[in-house]
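Line order of the protein sequences matches chains A and B. Following my numbering, the numbering of the first sequence begins with 1 at its first residue and continues without gaps. Following my numbering, the numbering of the second sequence begins with 1001 at its first residue and continues without gaps.
Source of the hints: derived by calculation from the structure; they are not laboratory data. All of these numbers come straight from a predicted model, not from anything done at the bench. Since no wrong hints were added, every one of them can be taken at face value.
Simulated coverage check for chain B against chain A, where a stretch passes if three residues somewhere in it have a Cβ under 8 angstroms from a Cβ of chain A: (1) 1038–1048; (2) 1058–1071; (3) 1086–1092; (4) 1095–1109; (5) 1127–1133.
Which chain B residues stay away from chain A? Per the calculated CB distances, all over 12 angstroms, these: (6) F1030; (7) N1077; (8) R1113; (9) M1118.
Beta carbons are placed, not taken as given, at the ideal position from N, Cα and C, and that holds for glycine.
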Amino acid sequence: MAKRKSDVGTLYKGSPGQWSWLLHRITGVAVILFLFAHVVDTAVVGWGPEAYNRVISVYHNWFVQLLELGLVAAVLYHAINGLKIMLFDFWPASARHMKPIALASTGIFVLAMIPITIIMANGILESAGVIS
Amino acid sequence: MAVQAPERRPPSSQGGFQGLRGRERPTGGFELWSWLFMRISGLVLLILAVGHVLIMHVLDDGVQRVNFGFVATRWQNPFWRTWDWALLVLALIHGINGLRVIVQDYVKWPGLRFAVDMAFYITGFALFVLGTVVVFTFDPSQWPGTT
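Chain A extracted, bound-state conformation (with noise of 0.2 angstroms):
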C-alpha cells in the first residue's frame, strides 16, 4: 500500500484493524494478569471470615475501585471484538463490511459503557467520601 502524504507522522500503519487488534492484546494480557491475583485472593476464603474479608476490603478502596472499572472495561472491550473476529472468521463474507461493523462494535462498546461507567463512579466516590 502506497505511503499516503497524511499518513506521514502518525502511528497508523495502513493495516485494517490495527488499533483494535492492539486493545484486543491489551485488554487480553491485563485480563489474565489480573485473574492470576484473583485466583488467589478468592482462595483466601478457605482460611475463614477474618481472613478474607481483610483481603477483599482491598477492593472496598475508591482507587482500586478505579482499577476495576477499566477491568470491566478491558474485559468488554475483549468480549464485543472478539465476536467481531469470529463474525469475520466464520462468515468471510462480512468482512466485506469491515468498517461499518467495526464501528459497530465499537459503538456497542461505548454505549454500554456509559451506563456502567455511571453505575460504578457512584460506588467509587461513595467510597472515595464525595457522596454517601
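Once you've looked at the hints, dock chain B against the given chain A.
Then chain B, alone, in the frame of chain A:
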C-alpha cells in the same frame, strides 16, 4: 513438541480482509486446534466472564457487598460453584494460550521463549489446582454464624 510456529502479524493490508478469503488462519495441527479453542471458549466466556463481571462488579452495589458471608451464601448453590469453576478453567486456558501466542511474537530466542512459556504454564496449573480445591472443598460450617 518443538514445532516451529509461524510468525503472526497484525492483519495484513495486502490480503487479509480483501475479497472472500477472510482472515489468515492456521492450516492444521496444534495451531488450528488452538485457533478453534480460542473461538469456542471465547463464546462460552462471553456468557461466563461478562456475566460474572456484571453480577459481581456492576449490579447490586458490585464488589461493595462482597464479603465472606456473601461468598458462603452464594456457594451454597452448586450452580454458582460450577459456574465459577468453569470460568476458572476456561479463563486460565484461554488467557494462557493467548499469552503463548503473544510470546511467539515478542520472544524470539527459543530458550527464553521456552522459559517464559513454562513460567506461564506452571502458574496456570498451580492456580487451577488452588482454585479447584477451594471451589469444591469450601465449607462455611467451619465458621458458624457467618452466613
